[in-house]
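Start from the sequences, fold in the hints, and give me the full structure.
Okay, here's what each chain looks like letter by letter:
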Amino acid sequence: MTAAAEQTRTLTYAEAVREALAQAMTADERVFLLGEDVGTYGGAFGVTGDLVHRFGEERIRDTPISELGIVGAAVGAALAGMRPVVEIQFSDFTAQAMDQIVNQAAKIHFMLGGAATVPMVLRAPTGSGTGAAAQHSQSLEAWFAHVPGLKVVMPATPADAKTLLLAAIDDPNPVIVLEHKLLYKQSGPVPEAATPARLGEAAVRRTGADLTIVATGVMVSRALEAAEQLAADGIDVSVIDPRTLKPLDAQPIVDDVIRTGRALLVQEAPKTAGFMAEIAATIGESPAFGHLRAPIARLCGLDVPIPYAPQLERAAVPQAGDIVRAATDLVRRW
Amino acid sequence: MDLIGDAGPAREALLTMWTIRRFEEAVDDLFARGLMHGTMHLSIGQEAVPVGACLALSEGDYITSTHRGHGHCIARGARLDEMMAELLAKETGYCRGRGGSMHIADVATGNLGANGIVAGGVPIAAGAGLAVRMRGGQEVVVSFFGDGAVNEGAWHEGVNLAAIWDLPVVFVCENNHYGMSMSVSRAFRVKQLSERATAYGIPGVTVDGNDPQAVHDAVADAVARARAGEGPTLVEATTYRWKGHSKSDKNLYRTREEIEQWRERDPIARFEQRVANTLGEQEIQACRNEARERVRAAIRAANAAPDASADSLTEAVYAK
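Going line by line, the protein sequences match chains A and B. Residue 1 is where the first sequence starts when you use full-length UniProt numbering, and the numbers rise one by one after that. Residue 1 is where the second sequence starts when you use full-length UniProt numbering, and the numbers rise one by one after that.
Mixed in with the good hints, there may be bad ones.
As the list claims (entries may be wrong) - Using 20 Å as the maximum straight-line C-alpha spacing, the simulated EDC-like pairs for lysine to aspartate or glutamate come out as follows:
no., chain 1, residue 1, chain 2, residue 2
1, B, K243, B, E25
2, B, K320, A, D171
3, A, K271, A, D303
4, A, K271, A, E228
5, B, K320, A, D170
6, B, K247, B, D29
7, B, K320, A, E201
8, B, K191, B, E152
9, B, K320, A, D249
10, B, K243, B, D29
11, A, K271, A, D329
12, B, K250, B, D28
Hints are computed from structural coordinates only; laboratory data are not their basis. Note that the structure is a prediction, hence the values are computed from the model and not measured.
The following block contains the structure:
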């Protein structure tokens, strides 16, 4: 790592995203933003902030409420040589735009035998915890990870929010970046330099002897919180954050499970056919299988829509205490 | 551009219409004989629309196309051998066998792609127009779609974005009277689809889509507006598809008489009559022969090419 890349300051996750956008737009005039209320309003979650004053209304482009049209326009602009970054106000609204995401953006490079590319980014606030209920709180990453042609990114820290977004903008493919709403106000060290991360590189957040926890999005910080409590109880766990679900960097997970012999997979999304089922299968198909001392365990959101009432909402998705209990059970029982 | 009285454009229009007709007749034949795979959507009877519209475009301009897109592709100048190779599942096809009839694109001629999703190309055209605008370019985008597309959300969202941002896009509706089996009289209340333009604050015009000159004039006006920064136009070209929607269509929803009436308004036969004095019978016959020969040569070249290979199947899922 160069000295420049090591220069960090404390920024919030939202500020880190904004800094990545600003640096990418400064470096490359083809990069522009479009989405609902990204201009003077500053973005539904304040992410775009003052960018319109720095880059103007042409490049920080407010759109009508037309999710399909917005994504379609990004596909067309990308085909015609631009580098659009779309903000979809809540990831739930990608359902409105699914044709353009799945049938157009993801397929065009392949359908055309490689003759054209769609270098676009779709950013979407995702997840529960804000009391916004069923249509504004979903975790839909498995939808996108299932589609060949899309890349899927879930940054869990401010630093990753910046460097993974820079990587997504650099990438010649359509990339979905799912930013967790509860993380926007969290602070952490963020590199000053506009150095992109590499898509397809997991982060080992913590290394322990007894259990491998794999977690995505906001569950990474909950898993780390749980790990502290578990350590106090004498249980030593690893926490691995894949960071990009597609391409997936499975090797650190497999290596860690070989060492610990146990895996607890934590996601906010409902359990059935969720992304952690893919991780479970990946471990099961790998040499780690022979080292397992316990069945692979999943701790996921319930198979329910996200409810409104705060106590119900908390009950619908894993909390740090749930991770502690599941981990303790797994280690004590096996 | 005078397609009737001016020998050069007249010849080009006639040759291109015949080329589209012969290409699609050949495709129909190859499919019927079991030599072509999959499905395809033929535009026989509609040739005047792509030919009239594309003659209004310049190098560097873009088009988006539809699942009935052979005509657009040919009119924009695509290579017939690569098109035929694609349909015959060859490695030398435009998409190396990944796209087929519904997904042919020719980036070299600004063709951003046929589309298997009705209205899918409409917001993409708006986006290409946005890219042109942001680069300060002079290019124009023509978005082709059928009457079936105008009731999809993608159409409304794409047209509205182009309208509010004054994008250089010309929306060309090929109203061939049926969205698969759904007739235009059952699918919307307006008399003419061009009326829809009013709702978006842009000009709308309906022309005889079996007359390449009428299509050309309307699209050329719209292209001029677009290049001048005055925004999009909706051009509705009324025409008819002689063949079924796709290969599985039994034509249960329309009568032989109706089809026969439209065949009598064959855009190519009518155009030949109108350019008889300009080109002369010999030149007209030469266009017919040349179109036939071009298509035969394309089939020969495609047949001689290697089959698309599965060895590299997973390679072009992601761009490097």
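ask   = Does E152 of chain B lie within 20 Å of K191 of chain B when you go C-alpha to C-alpha?
value = Judged against 20 Å, a Cα distance of about 18 Å means the pair holds.
query = Are K320 of chain B and E201 of chain A close enough, with their CA atoms no more than 20 Å apart?
reply = 17 Å, holds
key: Satisfaction of hint between D170 of chain A and K320 of chain B, Cα-Cα up to 20 Å   = Holds, because 11 Å separates the two Cα atoms, which is no more than 20 Å.
Straight-line alpha-carbon gap K271 of chain A to E228 of chain A, limit 20 Å = Outside the cut-off at roughly 25 Å; violated.
20 Å Cα cutoff - pair K250 of chain B, D28 of chain B = Roughly 15 Å separates the two Cα atoms, so the pair holds.
query = Does D329 of chain A lie within 20 Å of K271 of chain A when you go C-alpha to C-alpha?
reply = 19 Å, holds
ask   = Holds or violated: are the alpha carbons of K320 of chain B and D249 of chain A at most 20 Å from each other?
value = Holds, because 17 Å separates the two Cα atoms, which is no more than 20 Å.
ask   = K247 of chain B and D29 of chain B: Cα distance at most 20 Å?
value = Holds - the C-alpha atoms of D29 of chain B and K247 of chain B are around 11 Å apart, at most 20 Å.
inquiry  = Between the alpha carbons of K243 of chain B and E25 of chain B, is the straight-line distance 20 Å or under?
reply    = 10 Å, holds
request  = Given the hint that K320 of chain B pairs with D171 of chain A, test it: the Cα-Cα distance must not exceed 20 Å.
outcome  = Distance ~8 Å between K320 of chain B and D171 of chain A Cα, so the pair holds.
inquiry  = Would the hint linking K271 of chain A and D303 of chain A be met if the CA-CA limit is 20 Å?
reply    = 6 Å, holds
ask   = Given the hinted pair K243 of chain B and D29 of chain B, is their alpha-carbon gap at most 20 Å?
value = The hint holds at about 13 Å.
When the structure is compared with the earlier hints, a violation turns up for hint 4 alone.
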